[in-house]
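Asker: Here the protein sequences line up with chains D and F, keeping their order.
In terms of the working numbering, the first sequence opens at residue 1 and continues consecutively.
In terms of the working numbering, the second sequence opens at residue 1 and continues consecutively.
Don't take every hint at face value.
Unchecked claim - Covered by chain D, according to a simulated footprint, are these stretches of chain F (three or more residues, beta-carbon under 8 Å): (1) 41-51; (2) 105-112; (3) 143-152; (4) 156-166; (5) 187-200.
These aren't lab readings, by the way, just hints derived from the structure by calculation.
All C-beta atoms, glycine included, are put in the ideal place defined by N, C-alpha and C.
Read off the chains here:
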Amino acid sequence: MQLDSKVPAGPLEKKWDRHRFELKLINPANKRKFDIIVVGTGLAGASASATLAELGYNVKTFCIQDSPRRAHSIAAQGGINAAKNYPGDGDSIWRLFYDTIKGGDFRAREANVYRLAQISNHIIDQCVAQGVPFAREYGGLLANRSFGGAQVSRTFYARGQTGQQLLLGAYGALMRQVHAGKVQLFPRHEMLDLVLVDGNARGIVTRDLISGRVESHAAHAVVLATGGYGNIYFLSTNGNSGNVTATWRAYKKGAFFANPSFVQIHPTCIPVHGTYQSKLTLMSESLRNDGRVWVPKNPGDKRAPNDIPDSERDYYLERKYPSFGNLVPRDVASRNAKAVCDEGRGVGPTGYAVYLDFRDAIKRDGREVIRKKYGNLFQMYERITGEDPYETPMMIYPAVHYVMGGLWVDYNLMSTIPGLFVLGEANFSDHGANRLGASALMQGLADGYFIIPYTIGGYLAGTLLSDVKEDHPAFKEAEKAVAEKISRLLSIKGRRTVNDFHRELGRLLWNNCGMSRNDADMQEAKKKIPQLREEFWENVTVPGTPGEFNQVLEKAGRVADFLEFAELMVEDALQRRESCGCHFNEAYQTEDNEALRNDETCCYVSTWQFNGDGKEPTFHEEPLVFENVELIQRSYK
Amino acid sequence: MSKSINLTLKIWRQKGPDDKGRIETYELKDVSTDLSFLEMLDVLNERLMLEGKEPVAFDHDCREGICGMCGSVVNGIPHGPEKGTTLCQLHMRHFKDGETLVIEPFRARAFKVIKDLVVDRSAMDEIIKAGGYISVNTGGAPEANTIPISPDVAERAMDAAACIGCGACVAACPNASAMLFVGAKISHLALLPQGKPEAARRALSMQRKMDELGFGNCGNERECEAVCPKEISITNIARLNREYIKASFGYQEDL
């Protein structure tokens, strides 16, 4: 099967304009005849809901949290990129496009990424108009800073809470439409199935998390903006409720899954310290502007950091990458941290940490300057670890942060199921094999505010849809399947907790399909995952009943899906015979241990089609064609 | 560094909104002081489930102090004893071996208990719905730098905008007032030029909605400010009052 990306013809700069002209329109008065379901209220979901409602569609918006404002976009710290070139340092739409394509190791679609760069400037205008309090220069104009992986200052920020402020802007826009009666909001609702009628996505089945009621919702189109599946690793920087359930169940209804093994590991997180830890906390990448990363030269050196003289320290990033030093991109920094720890030179009680040392910066600039720049981060570090980073170096280690894989979408952000659109982290489209800092927020808002409002109209105007209500047999059937799965989970009454299974799965994936992968480990994971899944369905304990507020039941359903998805993830990692971006297969590396891409045979998006439980999925590739950029080896030496 | 402590936990258990609720006592041994407060509850829940008992329901999500979803009252203080800290960022090293902790849900007329420590805070969304935004459609925004904003103003707006909407201010207030929350939003938007055109309408509608939902008035107790995990200042309440009075005198449109 040939996947049709629907990328418009013509020069790159004109594609989106041309496409918008070619898309069919719906008369403003007719938009009210269409119902659209949006699942998720992060940057992508909230902005899409608000904008679609402003246009006149009837929108039903669902989220699993108690309020749309809790979506995990709120936790993004650093900033959002745009090609405004306010600092006049050589930025342009083209450069933002190029950096993003290159940063993703040439595994993203050119036309999508170019459109993202074009739209980036409108996002800043829109957010400023909404009252997002971005940082300002003395003259009152917007301030910019630089971020890992870029040599220009194109990042807009609101202290260390950029994601929060952008989300509150989108949430405000959404609540305005709730007030106007154009959005019906369903908080504490979880999507548990996608419903197709005549092959088109026509609605969803949800569980009301308070009453436990299983409900159907029909619409003319469904938009998934449900974020990423990084929580499959158990420990990650994601909010606890992030999961794969909505996208996984859409996959089982026919939506192809793309690049499921592309998982970004963020290099600067507070390391794991104990068995019952539930969460990894990210320390902003901006710390690497002044902090120097090092480990002892000798394995097993257990002295306190300040007792280790400079001559016995290995500033390995500065040594290996003299021109980028501590500011190498995320994948390079992460892999190198793992490598020194694997050599036995890691620090801290577990040996899986490296130092991020501000001693020299404090000596150079004074404590006060450092406090002004990073005070809140230092405070956060101290709160979590109980150690003072002004006195002793921070300890950091890489952690799962973001996923580049997701449901496959075409240029319209539509999946292989007609009428099912996928936005933000839930789709695969813009970041290739590695996401640069400050570009996740950009993609979420571009998809929600500026792409879906056009493309969904084109779909609705060009498709003849029959009248479908919630009493259609397809809904009844899906409801029944959902209810059966729930009662099965509750009836097992085994001896292991849901978290216990989740923790074991996470450890297996981290060790065997994590930052650095090899075929033997992945084969082992492929063997062990089905065994663990089998044990889960025989031995998990889920207390309570279906018809009540039951947090363990919620989690059990999500872990059950993770246990299925994990196998696809490993399969995808095995399938890719190269190293690229965050996917590092040890068999494919250069002489100096850098990722070795294979553009001859692997320049594609890997996509997977579901064939039924227990059956092998079918592999399809979307070849990536680069007409405007030359594929070069990324080098940060 | 890491050590272990033993705790006695007295936790509010309530099956649902109609259940009367009661305090139940649990002994928890060998709690690592590296754990966060919520991880300590996770450990308790794992144990309860293996004993065939119902785990304690509590709300949480990001576990890094920004989503605003967590929050319980610990020994009488919303989010616990550490200043400027959400419950998820409170660590067990701040407690002593042998200590007794009383853990209850946020209490306010407008916050119905859903189960155990989980409360319904949708009333706060209702207040935002009434006008806590700038009315701008997507697509027509002017170039971002056409309206300069002094960095001082942007900083003050950001101080207020940092509110995470957790509801601790309401739970700490003897009147269950939401005025710190509303004041923060009003300030954030009223300070910025973009928010000025509808500032009067916003102040009136949000204030009225707050009263209608059963939140009390501010009595200058300052408990809200004391417990706020983001240390939002009560000067925002003063600004809310000014904006409200200004609007009451100068604004004619029928709401």
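Asker: Taking the hints in turn, state whether each one holds.
Answerer: Status of each hint after checking the structure:
1. 41-51: holds (count 5)
2. 105-112: With 0 residues closer than 8 Å to chain D, the stretch 105-112 of chain F misses the three-residue bar; violated.
3. 143-152: holds (count 8)
4. 156-166: Check passed, 6 qualifying residues.
5. 187-200: holds (count 5)
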